[in-house]
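Chains as they are written, first to last, in the UniProt record's numbering: chain A, 1 to 495; chain B, 1 to 495; chain C, 1 to 495; chain D, 1 to 495.
Hints listed in this document are in silico derivations from the structure and should not be mistaken for laboratory results. Fair warning: there could be bad hints in the mix.
No copy labels: a pair is met if it fits in one copy or bridges any two.
Unchecked claim - In silico DSS-like cross-links for lysine-lysine, where the CA-CA straight-line distance does not exceed 25 Å: (1) Lys207 / Lys352; (2) Lys19 / Lys352; (3) Lys363 / Lys391.
Remember, predicted model here, so these are calculated numbers, not experimental data.
4 protein chains.
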Amino acid sequence: MNSDLGNCTHPFLDEDGDKLREECGVFGAINAADATAVTALGLHALQHRGQEAAGIIAWDGAEFRARRGLGHVAENFSSSEAIAELPGHMAAGHVRYSTTGGAGLRNVQPLYADLASGGFAVAHNGNISNAGTLRAELVQRGAIFQSTSDTEVIIHLVATSRYPTIMDRLIDALRLLEGAYALIVMTPEGMIACRDPLGIRPLVMGKIGDATLFASESVAFDVVGAEMVREVEPGELIRVDFDGNVDSLHPFGNHSPRPCIFEHVYFSRPDSFFAGRSVYEARKAIGVELARENPIKADLVVPVPDSGVPAAIGYAQEAGIPFELGIIRSHYVGRTFIQPSDGARHAGVKRKHNANRSLVEGKRIVLIDDSIVRGTTSMQIVEMMRDAGAKEVHFRVASPPTAHSCFYGVDTPERSKLLAARMDVEPMREFIKADSLAFVSIDGLYRAVGEGPRNASCPQFCDACFTGDYPTSLTDLSRREDKQKQLALPVDKVA
Amino acid sequence: MNSDLGNCTHPFLDEDGDKLREECGVFGAINAADATAVTALGLHALQHRGQEAAGIIAWDGAEFRARRGLGHVAENFSSSEAIAELPGHMAAGHVRYSTTGGAGLRNVQPLYADLASGGFAVAHNGNISNAGTLRAELVQRGAIFQSTSDTEVIIHLVATSRYPTIMDRLIDALRLLEGAYALIVMTPEGMIACRDPLGIRPLVMGKIGDATLFASESVAFDVVGAEMVREVEPGELIRVDFDGNVDSLHPFGNHSPRPCIFEHVYFSRPDSFFAGRSVYEARKAIGVELARENPIKADLVVPVPDSGVPAAIGYAQEAGIPFELGIIRSHYVGRTFIQPSDGARHAGVKRKHNANRSLVEGKRIVLIDDSIVRGTTSMQIVEMMRDAGAKEVHFRVASPPTAHSCFYGVDTPERSKLLAARMDVEPMREFIKADSLAFVSIDGLYRAVGEGPRNASCPQFCDACFTGDYPTSLTDLSRREDKQKQLALPVDKVA
Amino acid sequence: MNSDLGNCTHPFLDEDGDKLREECGVFGAINAADATAVTALGLHALQHRGQEAAGIIAWDGAEFRARRGLGHVAENFSSSEAIAELPGHMAAGHVRYSTTGGAGLRNVQPLYADLASGGFAVAHNGNISNAGTLRAELVQRGAIFQSTSDTEVIIHLVATSRYPTIMDRLIDALRLLEGAYALIVMTPEGMIACRDPLGIRPLVMGKIGDATLFASESVAFDVVGAEMVREVEPGELIRVDFDGNVDSLHPFGNHSPRPCIFEHVYFSRPDSFFAGRSVYEARKAIGVELARENPIKADLVVPVPDSGVPAAIGYAQEAGIPFELGIIRSHYVGRTFIQPSDGARHAGVKRKHNANRSLVEGKRIVLIDDSIVRGTTSMQIVEMMRDAGAKEVHFRVASPPTAHSCFYGVDTPERSKLLAARMDVEPMREFIKADSLAFVSIDGLYRAVGEGPRNASCPQFCDACFTGDYPTSLTDLSRREDKQKQLALPVDKVA
Amino acid sequence: MNSDLGNCTHPFLDEDGDKLREECGVFGAINAADATAVTALGLHALQHRGQEAAGIIAWDGAEFRARRGLGHVAENFSSSEAIAELPGHMAAGHVRYSTTGGAGLRNVQPLYADLASGGFAVAHNGNISNAGTLRAELVQRGAIFQSTSDTEVIIHLVATSRYPTIMDRLIDALRLLEGAYALIVMTPEGMIACRDPLGIRPLVMGKIGDATLFASESVAFDVVGAEMVREVEPGELIRVDFDGNVDSLHPFGNHSPRPCIFEHVYFSRPDSFFAGRSVYEARKAIGVELARENPIKADLVVPVPDSGVPAAIGYAQEAGIPFELGIIRSHYVGRTFIQPSDGARHAGVKRKHNANRSLVEGKRIVLIDDSIVRGTTSMQIVEMMRDAGAKEVHFRVASPPTAHSCFYGVDTPERSKLLAARMDVEPMREFIKADSLAFVSIDGLYRAVGEGPRNASCPQFCDACFTGDYPTSLTDLSRREDKQKQLALPVDKVA
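Please put together the full structure from these sequences, using the hints given.
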């Protein structure tokens with residue numbers, strides 16, 4: 001029914017902006033006096049990872065109770081009534097992007113099922129790249145799906161596994177998966193956190209008092225007042241029971257990790273730590289690399305707010321050019337407005353970003369942004385700078401050209417919409433009408449995140465969106481007729 | 001009924017933050033093809049001036065139509081249905097703070113009445129300080145009030161004026177008012193914009209094509225693609241008819257203007273121009289003054305985001321200390337969450353602001369904020385810096401001590417809650433637990449906004465919140481029994 | 001604004017059925033421990049008098065509090081929260097018809113105003129036939145109206161009266177009114193109930209314990225367990241204070257009463273008493289008159305449910321023909337459904353009324369209905385009987401032909417839509433396709449309600465809808481251009 | 001989760017009244033141009049069978065689309081938008097009782113699943129008395145349930161059946177069921193209607209143009225303008241494809257039918273035909289039997305409206321005593337109101353039923369009701385008659401004593417709450433305080449419905465609620481610990 005089977009988290013077009021979007025954030029707490037209240041606060045700190053729906057499931061020793069809703073965490077979980085509905089010492093939650101509308105509610109996580117072994121809840125960040133194939137097999141055997149989420153595939157695999165213990169059934173299920181996942185699972189025995197063998201999506205462990213916490217980013221621990229213990233390792237399952245016992249399994253053998261490098265570029269909050277490094281520091285370092293690789297004479301360094309700010313500070317410090325807020329960002333973005341017929345150009349961009357005219361007029365500007373996706377926003381911002389009187393506009397991008405779709409849980413436009421998939425740097429400069437355009441190099445990026453340079457035979461990160469080097473098979477995609485469209489080099493690519 | 005008569009916009013406690021809050025923004029458009037769409041966009045750009053309700057009234061040559069709602073402009077006016085409900089070439093809108101709940105809806109502006117002369121709509125930013133007294137007189141004569149808004153007093157004064165023309169009736173009404181107001185009035189003849197004789201609240205005029213626009217701030221013109229023409233002068237009435245004729249009246253004689261200096265400090269958007277000066281430049285200049293008046297040795301200049309950023313950039317440039325984002329601000333503030341029993345201290349502050357630990361650890365920090373109101377947030381932010389490992393925390397404030405309530409349309413806590421009304425600077429430093437604390441001087445502030453120093457016999461701005469020097473009578477207040485509480489020097493004031 | 005000034009309760013077309021509709025019901029309670037709970041129950045018993053909105057205002061000795069909502073009493077006043085919002089020992093409520101939609105809410109009664117003398121609340125059943133004229137005069141003098149309700153005219157007249165006491169101001173206001181009204185007024189001194197000098201609309205007084213009650217119909221007293229004391233007399237004001245003192249005034253002199261005879265025919269519940277007689281008995285007596293005046297041979301007497309049932313029982317008993325439910329009424333009427341393209345004729349009628357085929361087939365039927373308004377439903381019901389196999393269908397109507405609009409608080413279609421205004425009885429029979437058609441005579445009706453025959457020089461009832469003999473001036477109507485349309489004899493009237 | 005597994009439609013207490021309640025109604029249409037519009041109208045005519053939720057699923061040749069909601073059919077399916085959402089030539093719908101609240105929504109039917117064979121939708125009226133047992137087995141094999149509905153058991157049995165065709169899979173599933181069911185199934189091949197082998201729950205087939213319809217009651221065909229073809233036979237499956245082919249299967253062999261006799265007593269609308277007889281005629285005939293079996297001298301026969309009306313008409317005609325509306329029923333029942341402290345007794349009953357005092361006073365009354373369940377309402381109605389002045393009150397019941405719970409899809413209180421399970425007739429009379437009390441005999445009932453006395457060895461109907469003679473096993477119940485409570489003779493039963 002509405003049967004986009006098996007690829008529910010397939011990348012889709014970002015209507016509201018010109019950014020890639022992380023699709024999910026997860027948070028879990030066990031042995032916490034107020035597990036749901038802690039989880040609600042933690043999820044709120046992960047709101048930037050998914051703004052369209054939120055859910056929490058809690059276990060009170062006797063029953064699992066769920067509450068899910070479209071909208072922000074605060075809309076669904078800030079009332080004392082909402083928290084009181086979900087009593088217990090263990091809870092897990094999820095924020096996600098999804099299509100709007102009532103129908104979407106059944107896809108809101110965490111998902112839950114009554115298995116023969118008892119209740120089973122799971123919150124998932126990532127994308128299973130063979131979910132459609134697995135789903136078709138399960139349906140063939142009589143399984144009935146209620147959502148279009150790839151997460152439900154995991155539950156059915158656990159439900160139909162022939163192993164006796166829930167831990168063995170879970171490992172049995174995970175062995176069949178391909179792609180990226182960071183999971184928080186709850187059963188009546190306790191909580192299990194796990195990460196795919198390559199560690200593509202992030203997952204960290206924290207502690208406060210007797211409670212053990214898991215979260216997509218360390219910032220969630222800051223907000224709830226907990227301390228970070230360590231990252232969950234790629235391929236690791238960590239099990240915590242109600243006596244506070246914590247044990248770790250690595251059932252999938254050793255793999256070289258490939259964490260998503262775009263977490264550093266854009267997804268994670270700057271006050272999080274990822275892959276052992278402060279995200280803010282990494283972004284500043286990218287700015288430094290940019291300034292070194294592509295120096296230019298200018299009067300002001302201006303970030304495209306807010307994501308361009310740390311790189312702009314790094315660039316300004318390295319280049320010795322003043323950092324200034326030449327673009328002011330509105331805090332009240334959101335819905336699109338009706339464009340008046342006699343309104344000026346680009347009201348859509350101006351609702352979000354406005355030129356600080358008194359500053360920009362007559363100046364040579366270095367604009368710093370984190371990435372260029374479709375290029376339309378970049379073009380409008382350059383034009384806005386010129387309308388405000390800028391003499392020169394030099395565009396610097398704190399990531400390499402984004403030329404490939406992501407299939408690991410990140411919203412990307414289909415490949416033909418990616419500016420860098422369609423043209424080289426010079427045509428891109430012409431498209432956005434900048435005086436100059438430069439991207440940080442892939443090796444510059446690796447240096448900035450502390451791993452430099454990229455090890456081509458065994459890259460230290462997943463950087464498929466820049467390189468097309470996908471670290472796993474893409475089974476579902478390979479069965480689709482539009483595979484060509486997603487992966488092929490577009491015809492208008494400049495040789 | 002719920003009879004807080006006559007002082008409906010009386011300052012109230014800011015529950016969600018520790019800031020003064022502008023109470024309103026207004027926008028109007030006449031001779032515009034899509035007047036309502038322009039007004040919706042313009043109001044959206046003024047959203048920071050009032051986030052709890054929004055309204056628009058439009059005139060299509062035959063009928064006035066209104067739409068008002070609690071919530072943001074985008075929630076009420078982004079759909080094409082909403083815009084289509086309000087056809088016509090003239091429209092005016094309003095954003096405001098108000099108490100939540102259904103009852104509040106009748107106070108949402110613009111207000112409207114069918115007068116004998118025809119329809120009359122008004123949007124008001126400010127506060128009439130003798131509204132309660134005037135209202136009591138009107139009720140005595142048989143007037144029936146439907147709202148608790150002081151704006152309704154203006155309408156009743158116009159309705160009962162004995163002058164023949166609507167312009168004379170309006171001037172007759174305004175003569176009776178005391179306090180601060182910036183009004184946009186609509187009648188079947190056209191639009192009238194006016195500003196109180198001292199020009200306490202801002203109002204600017206703009207132009208796009210054949211349309212004439214009015215707005216609280218110039219940023220609204222940027223967003224709709226219009227250009228600013230000039231400020232409406234203090235005591236001026238500007239009338240625009242449907243043939244595009246514009247004429248100006250100054251019926252109240254000459255007064256020295258006293259625009260609100262806090263618009264520069266905090267209320268206006270940094271990309272607006274106010275009293276002839278770029279707000280961003282003014283704030284940077286305050287930072288420069290601060291650095292000169294109160295130098296300190298430190299490793300980093302850290303703004304309390306976002307309002308402290310321009311002053312921090314000015315301070316950093318003047319002091320030669322690196323500007324860094326030592327505090328990361330969440331974009332998803334709003335409702336308060338339930339505090340978990342085992343959560344850390346200050347989860348409320350941390351939901352909004354989180355220390356950037358990798359940056360702060362072991363450093364001497366200069367924190368820059370725009371103002372200190374009750375001081376509780378400042379205390380928590382200092383503590384958060386120390387928890388993140390800061391070696392020294394020096395607090396610098398980009399305004400003088402806020403020691404007096406505002407009665408001109410700004411939310412201020414009652415006077416006994418203002419930290420600066422209760423104690424001098426050194427006890428304030430102890431209260432917020434900073435290593436040092438300094439405020440910009442009143443003359444430094446005047447210099448920064450380009451007028452300095454302050455002319456004590458005839459100040460160039462309204463600065464009553466800093467000096468207690470109120471430029472008008474406060475008739476309603478003088479009749480209230482709690483006048484002492486509002487104006488008197490608190491007993492615990494350090495001598 | 002949406003300015004159908006001065007005739008807000010003007011008769012409008014009944015979309016959902018083919019009945020006249022009472023426009024309002026009122027209920028009040030003073031010196032009752034739970035005044036609001038009593039009022040909610042009492043209003044619920046009057047729900048048939050107005051189903052589109054409900055409101056209650058209560059006084060607790062210090063403050064008036066209001067709650068109003070679109071929809072039924074049960075939707076707005078059945079929760080304990082709703083009742084708890086309105087504490088106090090005095091309350092009054094109102095049910096009404098109104099156009100749907102949010103805009104209508106400001107017309108929902110009781111209305112309230114803060115007058116110089118204190119709070120003033122009023123609930124009104126009726127229609128002031130010079131409200132538009134009075135309103136225009138009040139606006140000319142500076143009054144500002146918030147609703148389009150004629151009730152607000154009463155409040156403004158009280159507010160601007162120059163008499164000193166609230167009682168004198170109310171009498172001063174009522175003297176200016178023309179038309180029909182039954183009012184329940186609340187002030188801080190107590191409750192005042194009054195009825196227009198002709199007593200067109202009903203109002204009764206009841207008692208339970210120390211509490212005094214007023215209601216549109218006696219059935220409300222049954223439901224709350226109270227007993228009826230007496231009718232409020234035409235032209236009487238009854239004042240009840242908080243010490244339980246009750247006094248009565250007759251400030252308007254003596255008039256012959258003219259209560260609305262249609263209350264007996266259709267509006268009132270059959271278990272109410274009106275004008276000294278049981279409504280059920282009156283309706284049965286009309287059925288008896290019908291059987292005597294227009295005998296016919298038939299097998300079954302079938303009521304059009306539910307309003308035709310008492311007259312049908314009377315007819316059946318008098319005629320000695322079995323009473324049977326040949327039409328079954330659905331309890332779930334309401335919204336209109338989409339008509340399927342392949343559906344049968346008259347699905348709209350069939351949703352409400354379905355033929356009881358096993359009973360009707362092959363039989364001669366006497367159908368009894370209370371009235372014929374536009375005739376469309378009557379036509380469909382006759383056809384439904386024939387489709388179900390009826391051999392003969394004889395239509396008998398328990399009222400004379402409805403040939404004139406009501407201007408006293410009853411919804412009637414404009415005159416040209418009234419079947420009896422357009423044609424005589426024989427063409428009406430042809431129109432509805434019955435084998436015979438007869439109406440009770442006007443004298444038969446008067447006999448049935450116990451007063452007969454009609455005293456032509458001074459009729460005992462208002463029967464203007466049958467006779468066109470309006471007992472008051474119709475000032476607003478006489479100023480309207482469509483007066484001809486409302487009162488004139490239509491051109492297609494059969495001579 | 002909220003795991004009342006396997007007995008979701010278990011009988012529960014009727015809070016709002018003292019009646020048994022049918023739990024469901026179903027309607028389906030195939031080869032209809034506007035299948036959804038027809039289904040909405042048809043469901044509306046079945047609204048009395050389930051008032052708390054409604055759902056429709058439609059198939060347009062490519063996709064199944066569903067819409068379900070709490071509340072009445074009209075609230076969910078009267079808008080053109082709702083109908084347009086569900087295009088296609090085949091649709092089926094369902095009305096049901098359920099507990100209120102959002103959680104209940106997932107139990108709203110029709111249910112749907114994507115099976116390997118394609119989409120599968122089912123609407124079910126009845127109760128599977130071994131659903132809990134079957135569900136436990138399915139979960140053990142890895143099935144994941146999303147609802148607590150017994151209907152989902154049917155879907156999982158079909159999904160996991162090893163037969164190749166959908167028809168064989170459905171028959172395979174039905175063979176495992178025990179209890180009562182009337183099903184409408186939709187697949188991409190067409191519609192299948194079926195009824196359990198004993199035909200406990202009703203299901204009829206109709207026709208309009210090219211469309212074939214199925215419904216719980218024939219009244220639904222009247223309302224949509226269709227004609228009834230015949231009943232679906234007990235144990236029959238009727239399959240209709242999109243070419244209009246209709247074929248019939250009887251895979252379960254021959255059984256003597258046992259349709260639910262309570263459909264005649266109360267559930268079905270009087271204008272429906274059930275088991276070959278007009279329900280209205282059957283009810284009148286019960287009244288005739290009552291008058292013969294239990295004659296009494298009285299002045300009036302008064303029905304407890306509305307369900308007692310046909311039996312009262314029959315009684316009155318047989319006994320020669322006038323039929324009168326001595327009790328007036330409100331059309332606006334629904335939510336419970338807050339009882340005022342000074343209100344009279346029995347406001348709850350009086351909101352629904354009020355004595356017609358002018359009629360009752362001083363009279364000997366025969367009250368006719370359809371059944372006595374818990375007896376509380378009966379007691380209050382007798383008392384209301386006495387309060388209104390009745391001299392004698394004789395209670396006559398149009399069914400035998402209801403002494404046993406139903407497990408076939410009807411809400412009944414738990415057995416200990418049934419008055420007739422706790423005591424004999426004379427103590428019941430004392431309990432309700434009537435002057436006399438009599439029930440129709442079981443043989444009288446059988447005579448009235450046209451089957452002449454009950455065949456004790458092979459009863460012609462399911463009459464378990466009167467006799468305790470359950471026609472199927474009750475597997476789930478026999479596994480429950482409270483089996484005693486449900487079936488045993490209570491200890492306070494009078495010997």
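Evaluation of the provided hints:
1. For a Cα distance limit of 25 Å, the shortest separation of Lys207 from Lys352 across copies, 22 Å, qualifies, whereas the shortest one inside one copy, 38 Å, does not.
2. In this homomeric assembly, Lys19 and Lys352 come within 25 Å of each other (Cα to Cα) both inside a single copy, at 14 Å, and across copies, at 23 Å.
3. Proximity of Lys363 to Lys391 under the C-alpha cut-off of 25 Å is restricted to the intra-copy arrangement: shortest distance 5 Å within a copy versus 38 Å between copies.
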